[in-house]
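Turn these sequences into a full structure, and let the hints guide you.
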Amino acid sequence: MLSYIIRRLLLIVPTLFGIMIINFAVVQVVPGGPVEQLIARIQGIGTETTARISGAGESETTGAPQQRLEASEVTSKYRGAQGLDPEFIKQIEKLYGLDKPAYVRFFDMVRRYIVFDLGDSFFRDRSVIDLVLDKMPVSISLGLWTTLLVYLISIPLGIRKAVRDGSAFDVWTSGVVIVGNAIPGFLFAILLIVLFAGGSFLDLFPLSGLVSENWEELSWPARITDYFWHITLPILSLVIGGFATLTMLTKNSFLEEINKHYVLTARAKGLTERRVLYGHVFRNAMLIVIAGFPGAFVGILFTGALLTEIIFSLDGLGLLGFEAALGRDYPVMFGTLYFFTLLGLIMNLVGDMAYVMVDPRIDFESREV
1 MLSYIIRRLL LIVPTLFGIM IINFAVVQVV PGGPVEQLIA RIQGIGTETT ARISGAGESE
61 TTGAPQQRLE ASEVTSKYRG AQGLDPEFIK QIEKLYGLDK PAYVRFFDMV RRYIVFDLGD
121 SFFRDRSVID LVLDKMPVSI SLGLWTTLLV YLISIPLGIR KAVRDGSAFD VWTSGVVIVG
181 NAIPGFLFAI LLIVLFAGGS FLDLFPLSGL VSENWEELSW PARITDYFWH ITLPILSLVI
241 GGFATLTMLT KNSFLEEINK HYVLTARAKG LTERRVLYGH VFRNAMLIVI AGFPGAFVGI
301 LFTGALLTEI IFSLDGLGLL GFEAALGRDY PVMFGTLYFF TLLGLIMNLV GDMAYVMVDP
361 RIDFESREV
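Residue 195 in this note's numbering is what sits at position 195 of the sequence shown, and the numbering runs on without skipping anything.
Just so you know, the hints here were simulated from the structure itself, not pulled from any lab data. It cannot be assumed that every hint is accurate.
What the hints assert, rightly or not - Pairwise CB distance ranges (calculated):
# : residue 1 : residue 2 : range
1 : 107       : 220       : 44 to 54 Å
2 : 343       : 269       : 42 to 52 Å
3 : 172       : 116       : 44 to 54 Å
4 : 172       : 126       : 50 to 60 Å
5 : 261       : 153       : 28 to 38 Å
Glycine included, each C-beta is placed from N, C-alpha and C at the ideal position.
Written out as structure tokens, the structure is:
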């Protein structure tokens, strides 16, 4: 197992590099960029910002015709730059490091990321690593609680459906599962807001935030209550949209194991149905379900939590990455991408290790990575 873990850890490096280079290349051809964003802000704010940034440059505007021609070509690359001093546009490019070729900027980024230097945000005046650490508790809260509740609901429900396969209980719960699987979680989130967060009906839960503004002034029991009061609707929207797949996976795993010969033999020996189910079937049927916990956590963290954070105004990693993409804040975009990708690759390895913990008969040493 040790050699397999080492091989997997070494494989993370080229995988991470490939993902980063593909996303970096895509960003280079996407319209807009930080220069356009800053130009829009300058034109909206006024001349004070322009003067401040102009003073940050080291070069001075010259009257040489050739230099003026080159500068005008720089200006024409950016939407909304007409009428601005071309030399000023060059200074903005230098400010964001966009005066260098793309391949130089990419390898500079990779060199910094090796030592977890994610750079500084273009527009937030903070380092990316500080932003990620600041937003992480929100996303982890959503991902962890959602994954735990999904497993606590789906496993007992899936086992019950397998034992009572074809019964009325199995039929109507399958209908609930189909509805939960068909409707996206963000639609449930909107419905919950309308029903319970001051929409058209009840006003029982807060509409935004992970805690109240006076949270630090509360006692510890009140803090815990306030925290769960705020996350109830976001977690519920994620659980409703996420338990369907795991429920059917659990049911199908149990049905497959229940019909095997070792189960018939155990029943023939006179063992009780409960002993057969939880003493023999459970371990084999739960292999793929339990070992998939790390991957399920990352999946919820990557996809479902993003829209939930936006809808409920939860200041987490998903909302951070979304706002960075809209604002073309490249350091934050690539920093959050790097973090999520690295976390996903590590959690995949943890999932493989969980397989071995659940069933020691699995041997990864003999397989190729």
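Okay, the hints, checked on the actual structure:
1. 107 / 220: 44 to 54 Å: holds (49 Å)
2. 343 / 269: 42 to 52 Å: holds (46 Å)
3. 172 / 116: 44 to 54 Å: At roughly 51 Å between Cβ atoms, residue 116 and residue 172 fall inside 44 to 54 Å, so the hint holds.
4. 172 / 126: 50 to 60 Å: Because 51 Å falls inside the window, the suggested range holds.
5. 261 / 153: 28 to 38 Å: At roughly 31 Å between Cβ atoms, residue 153 and residue 261 fall inside 28 to 38 Å, so the hint holds.
The structure shown violates none of the earlier numbered hints.
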